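Novice: Each chain, letter by letter, is given below.
There are 2 protein chains.
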Amino acid sequence: MEKHIEVSMLCQIYGKLLTEKQCELINDYYNNDLSLSEIAENNQITRQAVRDIIKKGENKLFEFEEKLQFMKKMLDQEKQIQAILLELNKLQETSSDKKIEKLLNHIRKELICLN
Amino acid sequence: MEKHIEVSMLCQIYGKLLTEKQCELINDYYNNDLSLSEIAENNQITRQAVRDIIKKGENKLFEFEEKLQFMKKMLDQEKQIQAILLELNKLQETSSDKKIEKLLNHIRKELICLN
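Same order as they appear, the protein sequences are chains A and B. Take the first sequence: its position 99, counting from 1, is numbered 99 in our numbering, and each next residue is one higher. Take the second sequence: its position 52, counting from 1, is numbered 1052 in our numbering, and each next residue is one higher.
Hints should not be assumed to be uniformly reliable.
Unchecked claim - Mimicking DSBU-like on lysine-lysine, the simulated pairs with C-alpha atoms at most 30 Å apart in a straight line are:
no., chain 1, residue 1, chain 2, residue 2
1, B, K1021, A, K79
2, B, K1056, A, K60
3, B, K1109, A, K56
4, B, K1079, A, K55
5, A, K72, B, K1067
6, A, K60, B, K1090
7, B, K1090, A, K98
8, A, K79, B, K1079
9, A, K67, B, K1090
10, A, K98, B, K1102
11, B, K1090, A, K102
12, B, K1098, A, K109
13, A, K73, B, K1021
14, A, K56, B, K1016
15, B, K1090, A, K55
16, A, K67, B, K1060
17, B, K1079, A, K98
18, A, K3, B, K1055
19, A, K73, B, K1098
20, B, K1073, A, K79
21, B, K1016, A, K16
22, B, K1056, A, K67
23, B, K1109, A, K90
24, B, K1003, B, K1056
25, B, K1090, B, K1067
26, B, K1072, A, K79
27, A, K67, B, K1102
28, A, K67, B, K1098
29, A, K98, A, K72
30, B, K1067, A, K67
31, A, K16, B, K1067
32, B, K1079, A, K72
33, B, K1067, A, K21
Simulated from the structure, these hints should not be mistaken for laboratory data. Owing to the predicted nature of the structure, the values given are computational and were not obtained by experimental measurement.
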């Protein structure tokens, strides 16, 4: 997984355990595509300070994931749900019964909501 | 949910963010049903110190849950999975096709693994 996607996901999961400033700068850098210089200017701090705040926040995010593994669990679960959705498609192909089709669509929707 | 069940679940989820001692004493108190006095004796500390360590750990667990809501998400998901399993049972009742039954059993197992 690309680093900016990984950090964004981790920040969505664990962001509330960071300081407000760490969250804000990580979001500016990774989601809003601002450069370190732009962020520095907006916050009236040095480029180095921006880099340090982002680095510290990132390290905390990686540390949380190393200990709690929630992102890994979510990604594993997503794969499993995709596998079940494929099974449901197979089931639908097996049957032409309208009642079964309706039930399958219902189950499919509920499964997608689990994600 | 009873408090000891809640604390045990939270400790399973967030325990790695506590200190080793906090985890150990919470486990002794909530899972191994030791009294504060017994834990104090085993650790050669005062009863009040045991109470403080457990309280501090508990507070951290509740704080993590308040911010991250992982236990809530897991419990909600479990309910949704139970609802889907009920739908699958309905589906099975609708059909007497052996092929469908086999596919349903497979899907059921995969769903239970999601828990």
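Novice: Take the hints in turn and mark each one as holding or not.
Specialist: Comparing the hints with the structure gives:
1. B:K1021 x A:K79: 36 Å, violated
2. B:K1056 x A:K60: 21 Å, holds
3. B:K1109 x A:K56: 42 Å, violated
4. B:K1079 x A:K55: Violated, at about 39 Å.
5. A:K72 x B:K1067: Measuring from Cα to Cα gives roughly 19 Å; hence the hint holds.
6. A:K60 x B:K1090: 46 Å, violated
7. B:K1090 x A:K98: 14 Å, holds
8. A:K79 x B:K1079: 20 Å, holds
9. A:K67 x B:K1090: Violated, at about 40 Å.
10. A:K98 x B:K1102: 20 Å, holds
11. B:K1090 x A:K102: Between K1090 of chain B and K102 of chain A the Cα gap is close to 12 Å, so the pair holds against 30 Å.
12. B:K1098 x A:K109: 25 Å, holds
13. A:K73 x B:K1021: Given that 30 Å is the threshold and the Cα spacing comes to 26 Å, the pair holds.
14. A:K56 x B:K1016: 20 Å, holds
15. B:K1090 x A:K55: 52 Å, violated
16. A:K67 x B:K1060: With a Cα-Cα distance of about 15 Å, the restraint between K67 of chain A and K1060 of chain B holds, given a limit of 30 Å.
17. B:K1079 x A:K98: 27 Å, holds
18. A:K3 x B:K1055: Status violated; Cα separation ~38 Å.
19. A:K73 x B:K1098: The given pair, whose Cα atoms are some 33 Å apart, is violated under the 30 Å limit.
20. B:K1073 x A:K79: 18 Å, holds
21. B:K1016 x A:K16: Holds - the C-alpha atoms of K16 of chain A and K1016 of chain B are around 17 Å apart, at most 30 Å.
22. B:K1056 x A:K67: Distance of about 20 Å is within 30 Å: holds.
23. B:K1109 x A:K90: 16 Å, holds
24. B:K1003 x B:K1056: Roughly 15 Å separates the two Cα atoms, so the pair holds.
25. B:K1090 x B:K1067: Violated, at about 38 Å.
26. B:K1072 x A:K79: Roughly 22 Å separates the two Cα atoms, so the pair holds.
27. A:K67 x B:K1102: This hinted pair is violated, its Cα atoms lying about 38 Å apart.
28. A:K67 x B:K1098: 44 Å, violated
29. A:K98 x A:K72: 38 Å, violated
30. B:K1067 x A:K67: 17 Å, holds
31. A:K16 x B:K1067: 6 Å, holds
32. B:K1079 x A:K72: 22 Å, holds
33. B:K1067 x A:K21: 17 Å, holds
Hints 1, 3, 4, 6, 9, 15, 18, 19, 25, 27, 28 and 29 from the earlier list are contradicted by this structure; the remaining hints agree with it.
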